[in-house]
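**Student:** The whole structure should be built from the sequences, with the hints applied where relevant.
Number of protein chains: 4
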Amino acid sequence: MAKELASLEALRRRINAINHSLLDLLNERARVVQDVREVKTRYAMELFSPSREQEMLEAIVAANRGPFSNEAVRRIFKEVFRASLGLMEEEGRKELLVSRAAGKRDVVVTVRGRTIGLGPVVIAGPCSVEDEVQMETVARAMKRLGVGFLRGGAYKPRTSPYAFQGLGKRGLELLAAVGRKYDLVTVTEVVDTRTAGLVAEYADILQIGSRNMANYELLKEVGATMKPVVLKRGFGATLEEFLQAAEYIAGMGNENIILCERGVRTFARETRFTLDISAVPLLKQMARLKVIVDTSHAAGRRDIIPALSRAALAAGADGVMVEVHPNPNIARSDNQQQLDIPQFEALLEDLRPFLGAADRAAHRPDGLDARG
Amino acid sequence: MAKELASLEALRRRINAINHSLLDLLNERARVVQDVREVKTRYAMELFSPSREQEMLEAIVAANRGPFSNEAVRRIFKEVFRASLGLMEEEGRKELLVSRAAGKRDVVVTVRGRTIGLGPVVIAGPCSVEDEVQMETVARAMKRLGVGFLRGGAYKPRTSPYAFQGLGKRGLELLAAVGRKYDLVTVTEVVDTRTAGLVAEYADILQIGSRNMANYELLKEVGATMKPVVLKRGFGATLEEFLQAAEYIAGMGNENIILCERGVRTFARETRFTLDISAVPLLKQMARLKVIVDTSHAAGRRDIIPALSRAALAAGADGVMVEVHPNPNIARSDNQQQLDIPQFEALLEDLRPFLGAADRAAHRPDGLDARG
Amino acid sequence: MAKELASLEALRRRINAINHSLLDLLNERARVVQDVREVKTRYAMELFSPSREQEMLEAIVAANRGPFSNEAVRRIFKEVFRASLGLMEEEGRKELLVSRAAGKRDVVVTVRGRTIGLGPVVIAGPCSVEDEVQMETVARAMKRLGVGFLRGGAYKPRTSPYAFQGLGKRGLELLAAVGRKYDLVTVTEVVDTRTAGLVAEYADILQIGSRNMANYELLKEVGATMKPVVLKRGFGATLEEFLQAAEYIAGMGNENIILCERGVRTFARETRFTLDISAVPLLKQMARLKVIVDTSHAAGRRDIIPALSRAALAAGADGVMVEVHPNPNIARSDNQQQLDIPQFEALLEDLRPFLGAADRAAHRPDGLDARG
Amino acid sequence: MAKELASLEALRRRINAINHSLLDLLNERARVVQDVREVKTRYAMELFSPSREQEMLEAIVAANRGPFSNEAVRRIFKEVFRASLGLMEEEGRKELLVSRAAGKRDVVVTVRGRTIGLGPVVIAGPCSVEDEVQMETVARAMKRLGVGFLRGGAYKPRTSPYAFQGLGKRGLELLAAVGRKYDLVTVTEVVDTRTAGLVAEYADILQIGSRNMANYELLKEVGATMKPVVLKRGFGATLEEFLQAAEYIAGMGNENIILCERGVRTFARETRFTLDISAVPLLKQMARLKVIVDTSHAAGRRDIIPALSRAALAAGADGVMVEVHPNPNIARSDNQQQLDIPQFEALLEDLRPFLGAADRAAHRPDGLDARG
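Chains as they are written, first to last, in my numbering: chain W, 1227 to 1598; chain B, 1227 to 1598; chain F, 1227 to 1598; chain X, 1227 to 1598.
Hints are computed from structural coordinates only; laboratory data are not their basis.
Treat the hints with care, as some may be off.
Remember, identical chains collapse to one label, so a pair may be satisfied in a single copy or spanning two.
Here are the computed lysine-lysine pairs in the PhoX-like style, where the Cα-Cα straight-line distance is at most 25 Å [stated by the list, open to error]: (1) K1304 / K1330; (2) K1369 / K1453; (3) K1407 / K1266; (4) K1369 / K1407; (5) K1407 / K1395; (6) K1330 / K1395; (7) K1407 / K1304; (8) K1446 / K1395; (9) K1446 / K1407; (10) K1304 / K1446; (11) K1304 / K1453; (12) K1395 / K1304; (13) K1453 / K1266.
**Tutor:** Here it is, written out as structure tokens:
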């Protein structure tokens, strides 16, 4: 058997040599792909061209004489194409201002002495600003509980044109007033390019809602205010699209962006949306922006908000956003998912150890290579 | 089994009787609410009294002995309160203006002598307006082929801020010029409340893209131009949400709305979106608006556009919208899904019998009860 | 104004009286619905009849003379129907053996001295049993690390008929041998009614994979072995369907069922499936079964397994299942998502505080009413 | 722009050249692998050597200088190794037997003188076989209307274990009896490997339901009966997975497979599933199997079945499958979606022109290149 093993050894050496030739050729191909990318980028063409791939594949298979089957050849080249596309996209992404690959530091947002990004935070408040008593009650409770970020909608993008649309400017005033009185950082939604400036005069942080994530004119306008922005993920948007939306804001010179996962639309019936918990570690890996989770909108029901909020923080989120109302039963919007004040207090108690645990996790690498 | 069915029948008769008693009682309550409203209005009192609602709710729940759970009772009465508030504020959700149930006639849109809604139409043209030669080439071909509606984007909402964003005002001018020259009705997208008026000066029909379907401020602004509107379905929107978006436009006094199904986002890998063909008969059943299908965006690949377009017309669509470009390979956007002119000509040939068949189907009832 | 307030008071008393009459009538209706349910259940008919609802709605609206608009009446009665269906389904669910509403104790599974359900556990091991060295290496490491549950597939349901299909009986023997040697509880998948008995001879816990969740004959057969079962959720299944699948097993007299969330199929591109973290609290609320999470299959990539595993335990899961292989790069299946042994060790270290935190959370009620 | 396009063209020529060099090198490697195989086989050595693969991978990665990342290189070479192993084991993934690329003729299924694949057909009948009168009534009507394929379930895979599960063997007998009496080809579902043989004795065509599409043991067993098979797409399955499932049947030597699109699960609320109309042209392009559409299950409601059936045929389907019951209101399953006989008759009338149009379309190429 010695002779056979010797010949086996010789064959293996040949395979090794071929492997290295393949490697050289593959990297030569990769360099040409990089050149293609440069040309395409200059001319703003689509980087991915399935029809071109299809043509190449057909030409290759037509030239194949075996021993590899056409199917095997197709699979190998598809992997080559995938890697090439990865090269294109990876570098495409490398150029996003918000990308982690850009090598710059993580964006920690600081507003009026409070920060998002150095340890998990809680953002709370009613869905809509309704009246002074409501805002007073919530703000006072938050102050007492040590929660520093107050949300509340003055402009409400509602599915039905006949539903309560928010108090508008009067809502902005009420929100700003309690914010000042209790020293809370205020967060409120912007829905129109024409009122972005007005909202920026009153609120500390501007919010882009899920339905407006791909309203690019609004993103640019909000970016231009230079105020910090909470950008919610469109409920039908991929993570790639989400980061590109953030890039519209960053492109205006405003990198004070906080990404907010708030559930995606799936076939689920028991919840209003499906919280995509994987988005938390993935977004943090892809972008250098902080990531919070709106567990109220994801769930659409208040009973599982504690569990989802614990999960968000455990997964590494930089904060959670929850809806709190003095009396959810009579709230003018979203009344199924708002917590009342005792429930909110219980939630905070529930989150206490997780805030700590998430914190530890956030400051220690996972010890795993990305995808490898 | 006969006995069970008989007893089921008896039970159903009892439910029917109770339903009518409930109806009488509800309307009796509504009349008292109207009296309350009269008193309150006379003395300029706040019509909505959250605390009063809360008290009523608590009293009702306290009296509940089941079998309905307290939660169920709460939900039903909240609906009763909502309806009462609607009565009070005279802004209660009426029938949607766009609803078929509203009993008014179907909306046939007529622009410069051409109509959408009396027989299937084809709307065609490039994704983006790129230059004069491109527009000339497409428009001349369309004229020759008898296609009367020319689409082309001057403002392009692109996922990446670094992709081609359209020629803007220059694009509007090019589109309008070829439209006039070849007597084609022009369709182009509006992306910002601030430019809606400008676009309306140049184009015959305004389009709201999928990503802006829930940009309610834009919907209102476009409604206010009184120009016909092609409203595309958000790729993550339910049909209910789609109709509510149309209602924002209709609420401005502008009912010249054409609904456009363009695919929804699912787990599909082989197509860019999943064409929801069921939306065609359902929308036509729910609303009195005409329904077209954008098969190019749904597919994201040109090879299946003929099959999808045939299916759309066979399902009863009032038209199809397809992207046509003189040279798709160098198109500045969507190059995988645009047809070249010979392919477009072949498509029209392919659709000829289906246009006829769909036409016949559209003018004859299905002979089936709705949902029954 | 006193007189007006007096008359307002009188009107309010009338409204209160009507409210109570409505409540009585609603509950009378609810009782008839319960009778309908009894008849339908006896004859195994569908409980929900949309066409019947449609007919009732039409009759009611036809009889409506205002002041409530038809739309308002429709909305109120839809809420009534919804509550009635809730009554039907709630009671339907109440009868599921696995339902929490059944009032029996939670199912804690005990096998060879180890339990699932008294504190979070980790189930680990390779995707496929490949050879003795592989199994020895993994089992020895698990023993050293104090992990008591060893998974490994002998029968592999693979998408492609040409992919590695598992070692079959030889795999069962290898798994059982190392399980005995290192005193680990073994978990392995069953794919055919005809081999269920054989697998039950070798393994401690039987697993039903996602693709077989609705293979009801297999569920019954596995139920009949009386061995504990890990039931994975179908990646396209609702929670309701998932529990009904568990009920097929329970119906054979075998309640030793552990539910396993493993991700659902959505439009996500960055992960293989989308982990539905909300399923954890919801399943625990709906059923009295323990719930674990397979984070490897949900992610399909190893880098986010630590974050997802922390989230699962923080959300209240009774355990996580992860794939571990001595050398994932040469694994015969699922090589993108298996951890190597140092990575697994790091994961355990990472989970340590969360296991504790989840534990605390699991033994304390959330203090929130379900959905209300 | 002309210069950029010219340079792009040059770069593409270089990529093409490199592709061909890669192909040559890969096949050279394959020939060496075949030599290794010969040596190993002669001495009964293990063909697959994981450690050798690992060594090669490490050597290659160590030599990698980019631009391809190590991960990309690893993935490409793993595909090369996989193809090599395929060569070794002579079980390498060849072209799928069902693939259109396999170059063989389309599979036209002929049963008892009737064919599927030469012109659109209609398959109709009740969801479940319930009793003799029901089956007689339907079969007689079908005979009268010239519809040749009768469906009816004897084994019903129901979500709830407490729902009607079918009549079993008695159902098979009833179905076979009316099939003989009225000369109709019968179609019925198989749910268990152990009863596949029994069902094959009674029915002309066996059906695999959506929930069993990935029940690979069942697919193999049904394949082994050599009876024609209607394979329904899993409602969460990609087209690729669907074809792989068909390949399990074809791998048993049985190519008499008819693919059946029946809707996929999405966020849609108005229909039970979402009919994926694009699947029709795509499946016909990918596979050489005939494709039918089950419009009843896709819709889950009877009112849109005519529109969906027209669309299916217009898109090129080889047939539609619809549920027909003499009295849907008392059907023991699926009563919302079954047509009664007059409705079925109206449907056939409605489909008449579309059958013709689809027929014409099916026999004429679309004039468009695949994906290009």
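**Student:** Take the hints in turn and mark each one as holding or not.
**Tutor:** Hints, one by one, checked against the model:
1. For a Cα distance limit of 25 Å, the shortest separation of K1304 from K1330 across copies, 24 Å, qualifies, whereas the shortest one inside one copy, 30 Å, does not.
2. For the identical chains of this complex, K1369 and K1453 are intra-copy neighbours only, at 23 Å inside a copy versus 50 Å across copies, given an alpha-carbon limit of 25 Å.
3. Taking the closest pair of Cα atoms, K1407 and K1266 never come within 25 Å of each other, the shortest separation being 54 Å inside a single copy and 33 Å across copies.
4. In this assembly of identical chains, K1369 and K1407 lie within 25 Å of each other by CA distance solely inside one copy; the values are 10 Å within and 59 Å between copies.
5. For a Cα distance limit of 25 Å, the shortest separation of K1407 from K1395 inside one copy, 18 Å, qualifies, whereas the shortest one across copies, 47 Å, does not.
6. For a Cα distance limit of 25 Å, the shortest separation of K1330 from K1395 qualifies neither inside one copy, at 38 Å, nor across copies, at 37 Å.
7. In the homo-oligomer, the alpha carbons of K1407 and K1304 never lie at most 25 Å apart, since the shortest distance is 58 Å inside one protomer and 34 Å across protomers.
8. Taking the closest pair of Cα atoms, K1446 and K1395 come within 25 Å of each other both inside a single copy (22 Å) and across two copies (19 Å).
9. Taking CA atoms no more than 25 Å apart as the test, K1446 paired with K1407 passes in neither setting, with 31 Å inside one copy and 36 Å between copies.
10. Proximity of K1304 to K1446 under the C-alpha cut-off of 25 Å is found in neither arrangement, the shortest distances being 29 Å within a copy and 29 Å between copies.
11. Taking the shortest Cα distances, K1304 and K1453 never come within 25 Å of each other, neither inside one copy (38 Å) nor across copies (36 Å).
12. Within a single copy, K1395 and K1304 get their C-alpha atoms no closer than 49 Å, and across copies no closer than 28 Å, so neither meets the 25 Å cut-off.
13. Taking CA atoms no more than 25 Å apart as the test, K1453 paired with K1266 passes in neither setting, with 34 Å inside one copy and 38 Å between copies.
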